[in-house]
Amino acid sequence: MKKVLFLLIGFFLQNSIAQIDTVWTKTHSFKSGTNGYSVKATKDGGFLVIGDIEISNDSNKILLLKTNERGDSLWSKVYGNENSQFWHFPELKFDLIENQDRSIVFTGAQYSEQNIKPYLVKLDSLGNLIWDKTYTMKGYANSITKITDTDYLFSGSYFNYDESEVGFICRINENGDTLWTRKFDFSISDILVSVNDSILAVGLTKILKLNKSGKIIWIQDYSELMESSNERRGFNSIVETSNYEFITTGIDFQFGVHSGFIFKITGKGDSLNFQNGFAGGHDIVWSDDNSIFIGNHFGLESGPNGEIYSVQNDTTFSFFLGTFVLLRSINKITETEFVITGSHEAEKNSLFISKVIHNPVTKTNLIKPNLVKSFNLFQNYPNPFNPTTTISYQLKTKSNVQLTIYDISGREVKTLVNKRQTAGQHSVDFDASGLSSGIYFYRLSTSSGFVQNRKMVVLK
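Going by this note's numbering, the first residue of the sequence shown is number 58, and it counts up by one from there.
Don't read these hints as lab results, they were simulated from the structure. Don't take every hint at face value.
Within a straight-line C-alpha distance of at most 25 Å, the following computed BS3-like cross-link-like pairs (lysine-lysine) qualify [to be verified]:
id	residue 1	residue 2
1	K453	K476
2	K203	K134
3	K179	K195
4	K100	K325
5	K517	K453
6	K190	K263
7	K517	K476
8	K455	K476
9	K179	K389
10	K195	K123
11	K195	K100
12	K517	K266
13	K389	K430
14	K412	K430
15	K203	K100
16	K134	K321
17	K321	K269
18	K134	K123
19	K453	K389
20	K389	K476
21	K179	K321
22	K263	K512
23	K240	K123
24	K240	K263
25	K430	K471
26	K100	K179
27	K266	K203
28	K179	K325
29	K100	K88
30	K263	K179
31	K321	K118
32	K123	K100
33	K453	K430
34	K471	K455
35	K430	K325
36	K134	K179
Quick list of simulated restraints, FRET-style, between CB atoms [what the hints assert, rightly or not]:
id	residue 1	residue 2	range
37	I274	E222	20 to 28 Å
38	R127	S280	38 to 46 Å
39	L131	Y463	54 to 62 Å
40	S299	G103	36 to 44 Å
The structure displayed is predicted, hence computed values, not measured ones. In this text, a Cβ means the ideal position worked out from N, Cα and C, and glycines have one as well.
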């Protein structure tokens with residue numbers, strides 16, 4: 058059974074660990090199949106969950122659930138007229154926002170007469186319709202945010218004449234009327250408005266930055282960071298940190314398996330850090346204590362209870378038991394409180410909402426040699442890098458150690474370590490000044506029989 062929910066990623070925070078406690082979990086059951094796609098905290102202390110609900114074998118409608126501060130249902134409503142249904146597939150991400158007056162706007166995709174079109178709805182605080190709009194392009198809307206007190210930005214994907222999927226960002230006024238639309242040659246998964254009023258968007262392997270008028274400031278392609286060329290790889294979500302940098306999450310395909318990653322950039326698009334191999338990649342939240350929470354959209358084969366992963370600054374994993382099955386959205390309530398939603402694979406007619414607390418705990422010492430219980434080769438930092446990076450590893454026992462760099466063809470580039478070393482933590486700097494941009498591998502092998510490989514990227 059697919060179980061994993063979310064990861065707590067803390068490697069950007071020096072010497073930190075975290076405790077995650079569940080405050081409550083509520084399951085809401087309906088008469089037919091349903092999924093929770095996005096959750097937001099509301100101004101009255103409660104929560105809004107948007108999802109879909111199966112009306113018939115070939116028809117789905119949008120479901121909106123309003124709860125109190127304990128996750129108990131206050132009301133739920135289904136949206137969509139008799140002549141339409143709402144198109145959905147696993148990667149589609151419904152989104153919603155609450156305005157200052159407590160009105161609600163959400164995104165979706167309406168399917169009618171063989172046409173798929175972006176669909177937006179505005180409601181009052183009780184879920185009553187104020188307006189709904191179906192936009193002309195063939196495609197779907199999956200992310201929405203406010204750009205001014207009255208205007209919104211929403212993004213998504215549309216289909217070209219040849220049915221190839223590309224992207225758009227649209228600015229609308231408070232009545233849903235279009236002010237401008239910008240189209241791109243790649244689908245858009247998520248958008249945000251930065252504190253300096255610029256717009257950042259992610260999709261597939263690209264990140265772009267626009268001004269408030271929709272003029273492109275820069276577009277960067279980071280495809281060489283990813284393992285595969287699969288068309289479904291790419292960025293899913295982006296957040297801004299407290300120091301005006303940006304962190305994204307997404308998925309890649311490694312040996313036919315979904316692999317989550319996180320990627321940190323500057324406001325100019327320069328690479329700061331790339332880490333992959335996580336069981337996540339759908340949604341991301343930033344906390345002011347420098348912790349990153351990542352939602353796992355796809356799930357992962359795991360134990361019967363599921364796990365919550367915690368990654369420290371050295372990128373080693375620790376595990377915590379969890380109880381959920383498929384997380385689709387995580388959102389911040391306060392700097393230490395978060396709300397999550399998703400679906401129960403075993404209970405097709407229900408969705409869940411849960412409140413969790415994150416309590417960071419500061420470590421006072423680095424890992425001592427006698428506490429190292431395993432051999433491990435850690436991800437280099439920074440990654441991508443130019444021209445230097447640090448490779449760290451730990452040894453369980455005193456061993457003969459060899460640390461070697463290889464290019465993508467398997468040719469040996471350099472041996473960094475070839476000697477006997479004591480148990481404990483070790484690190485070595487690697488200078489790639491004489492190498493061209495590209496993917497490289499490094500291998501740690503010991504006389505005790507331990508061998509581990511990792512990938513790194515030189516980006517010049």
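Consistency of the hints with the structure:
1. The hinted pair formed by K453 and K476 meets the criterion: a straight-line CA distance of about 16 Å does not exceed 25 Å.
2. A hinted pair counts as satisfied when its Cα atoms are at most 25 Å apart, and K203 with K134 qualifies at roughly 24 Å.
3. Only pairs whose Cα atoms come within 25 Å are accepted, and K179 paired with K195 is accepted, the gap being roughly 21 Å.
4. For the hint pairing K100 with K325, the CA-to-CA distance comes to about 34 Å; that exceeds 25 Å, so the pair is violated.
5. The suggested pairing of K517 with K453 is violated, with an alpha-carbon distance near 36 Å, which exceeds 25 Å.
6. Between the alpha carbons of K190 and K263 the distance comes to roughly 29 Å, so the proposed pair goes past 25 Å and is violated.
7. Taken as a hint, the K517 and K476 pair is broken in the structure, with Cα atoms around 31 Å apart against an allowance of 25 Å.
8. Of the pairs offered as hints, the one joining K455 and K476 holds, with about 11 Å between alpha carbons and a cut-off of 25 Å not exceeded.
9. Between K179 and K389, the direct Cα distance comes to roughly 23 Å. Compliance with the 25 Å bound is thereby established for this hinted pair.
10. About 30 Å separates the Cα atoms of K195 and K123, which puts this hinted pair outside 25 Å; it is violated.
11. The suggested pairing of K195 with K100 is violated, with an alpha-carbon distance near 34 Å, which exceeds 25 Å.
12. Proposed proximity of K517 and K266 is supported: the alpha carbons are some 21 Å apart, at most 25 Å.
13. For the hint linking K389 to K430, the alpha-carbon distance of about 35 Å lies beyond 25 Å, and the restraint is violated.
14. Between K412 and K430 the alpha-carbon distance is near 34 Å, which puts this suggested pair outside the 25 Å criterion.
15. Restraint check for K203 and K100: the C-alpha separation of about 16 Å stays at or below 25 Å, so the hint holds.
16. Only pairs whose Cα atoms come within 25 Å are accepted, and K134 paired with K321 is rejected, the gap being roughly 38 Å.
17. With a CA separation close to 23 Å, the supplied pair K321 and K269 stays within the 25 Å bound.
18. For a cut-off of 25 Å, the pair hint linking K134 to K123 stands: about 9 Å separates their Cα positions.
19. A C-alpha spacing of about 39 Å is found between K453 and K389, which places the hinted pair above 25 Å, so the restraint is violated.
20. A threshold of 25 Å between alpha carbons decides the hint, and for K389 with K476 the separation of about 48 Å lies outside it, so the pair is violated.
21. Between K179 and K321 the alpha-carbon distance is near 34 Å, which puts this suggested pair outside the 25 Å criterion.
22. A distance of roughly 20 Å separates the Cα atoms of K263 and K512; the hinted pair therefore holds under the 25 Å criterion.
23. As the CA atoms of K240 and K123 are separated by approximately 34 Å, the hinted pair breaks the 25 Å bound.
24. Proximity of K240 to K263 is assessed by CA-CA distance (about 14 Å); at most 25 Å being required, the pair is judged to hold.
25. The suggested pairing of K430 with K471 is violated, with an alpha-carbon distance near 29 Å, which exceeds 25 Å.
26. Among the hinted pairs, K100 with K179 is consistent with the structure: their alpha-carbon atoms are about 17 Å apart, no more than 25 Å.
27. The suggested pairing of K266 with K203 holds, with an alpha-carbon distance near 16 Å, which does not exceed 25 Å.
28. Distance hint between K179 and K325 is unfulfilled; the C-alpha atoms sit about 34 Å from each other, more than 25 Å.
29. A distance of roughly 29 Å separates the Cα atoms of K100 and K88; the hinted pair therefore is violated under the 25 Å criterion.
30. This hinted pair does not check out: K263 and K179 have alpha carbons roughly 30 Å apart, beyond 25 Å.
31. Restraint check for K321 and K118: the C-alpha separation of about 36 Å exceeds 25 Å, so the hint is violated.
32. At most 25 Å may separate the alpha-carbon atoms for a hinted pair to count; K123 and K100 meet this at roughly 12 Å.
33. At roughly 6 Å between alpha-carbon atoms, K453 and K430 fall within 25 Å of each other, so this suggested pair holds.
34. At roughly 23 Å between alpha-carbon atoms, K471 and K455 fall within 25 Å of each other, so this suggested pair holds.
35. Among the hinted pairs, K430 with K325 is inconsistent with the structure: their alpha-carbon atoms are about 41 Å apart, more than 25 Å.
36. Our distance criterion of 25 Å between C-alpha atoms is met by K134 and K179, whose separation comes to about 13 Å.
37. A C-beta distance of roughly 24 Å is found between I274 and E222, which places it inside the suggested range of 20 to 28 Å.
38. Separation of R127 from S280 is about 45 Å and conforms to the stated range, judged on CB atoms against 38 to 46 Å.
39. At roughly 59 Å, the beta-carbon separation of L131 and Y463 lies within the given 54 to 62 Å, and the hint holds.
40. Separation of S299 from G103 is about 27 Å and departs from the stated range, judged on CB atoms against 36 to 44 Å.
Checked against the numbered hints above, the structure violates hints 4, 5, 6, 7, 10, 11, 13, 14, 16, 19, 20, 21, 23, 25, 28, 29, 30, 31, 35 and 40; every other hint is satisfied.
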